[in-house]
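Chemist: Just so you know, the protein sequences line up as chains A and B, in that order.
So for the first sequence, the working numbering puts the first residue at 1; every next one is plus one.
So for the second sequence, the working numbering puts the first residue at 1001; every next one is plus one.
A hint or two may mislead.
Straight-line distance between alpha carbons at most 35 Å, and here's what the computed DSBU-like set of lysine-lysine pairs gives [unchecked claim]:
| no. | chain 1 | residue 1 | chain 2 | residue 2 |
| --- | --- | --- | --- | --- |
| 1 | A | K19 | B | K1160 |
| 2 | A | K19 | B | K1143 |
| 3 | B | K1143 | B | K1160 |
Honestly, the hints are just simulated from the structure, not real lab data.
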Amino acid sequence: MPNSPSEPPRPPAAPRRIKVQRRGPLLVEGPVEVELEDGTTVSSDRFRVALCTCRRSRRFPWCDTSHRARSAGPGDGPATKD
Amino acid sequence: MEYDREGPPLPTPRGPLSGAVGARLRGTGPLPDPEAVAAASAYGDDLQLALYQCYELHYRGFAGVSPGLEWDPDLLRVRAALERRFLEALRAGTPVHESVADAVGALLVEPVHGEGVSHFLRDEGELWHLREYAAQRSLYHLKEADPHAWVLPRLWGRSKAAMAAVEFDEYGGGRADRVHARLFADLMTDLGLDTTYGAHLDAASAACLATVNMMSLFGLHRSLRGALVGHFAAVEITSSPGSRRLAEAMRRTGAGPAAEHFYDEHVEADAVHEQIVRHEVIDGLLEQEPHLAADVVFGIDATGHLEDRFGAELLAHWRAGRSSLRTPLPAAPRVPAETSHTS
């Protein structure tokens, strides 16, 4: 059904599901708008969004995989792509 | 006979196999002898380029070559012989983990003092390294996500829905200016590289061709759908941290906003894709087809194996102060990037 600007926004048909993991980001169906502590907002229209929960992300509030375990070895990981 | 007018030129042959395949595509000369295929080095320039030419017929073809040759039985027979040689070498040479959980778990650990290509580029990469890296990687990134799209009809249910969702994201979520292949072309423009599809084929090393040929091999064969899924998972899981280092390399060298944006986008996108591929694509596939677990492991570990070979080759050249390319790049016209591509 085509949307026209005159149509009022419809409420979502079902509650938005958020996937929670003990180790790893919150997975939320996009698009999302996130309000940060300072009152500013950031948004993402990706189909699924990974929100940082470890607070280590350098792209907070988005996950950048900084929660991963680290090894002391000098290797590049078994299959580091780049 | 109809010929493709668009498309890249056929590459310069690297030996008798690639020469014979190229001649056949031009409509002249006999195909290679199957015995010559069996005797060729599986990861060598000649076999890898011959195979790459066969596969390219399924993507965009070559200028002056009939698109009908994609399904030419004689050419397919040669392709099958080349694939057999390549796949046998991959299976024999790839150390594999015992289980999917082990293989995935190994990828989820980040080394504190990594020594891979992305670490090198972050810490000491110069613009000429980044240009060479982008030229070689353009063989994949200018068709980013295409080899993986072939697996969609071979999946169903949860794994299909999740794989399609990730591919949709790779293809820009319905927006042409966000297609990852397009973002990579923008990166190449920042680096002063020719963004024409196939422009850097002659420059790319055999080790680079092998990484792309593996994707085509896994993508085109339904029997290798488990390996394709494993390969895709390995790429998505390792991409985010690697992309962060490459984004830092682009920033430090002042490569340009589009160059930074390509890798910044991959840090975020692939942190999501990793989760979906692990929990939905792999788990969904193995729920339906548990017998494919060994293939998933093979796909993950074969990807690591070929990427390690390619990475070691790049670093060996660069540490010796030498170019990693087979043909030199034209000097970069340092045009300052004017367009901002930040999201």
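Chemist: May I ask which of the numbered hints given earlier this structure violates, with the numbers listed in increasing order?
Modeler: none
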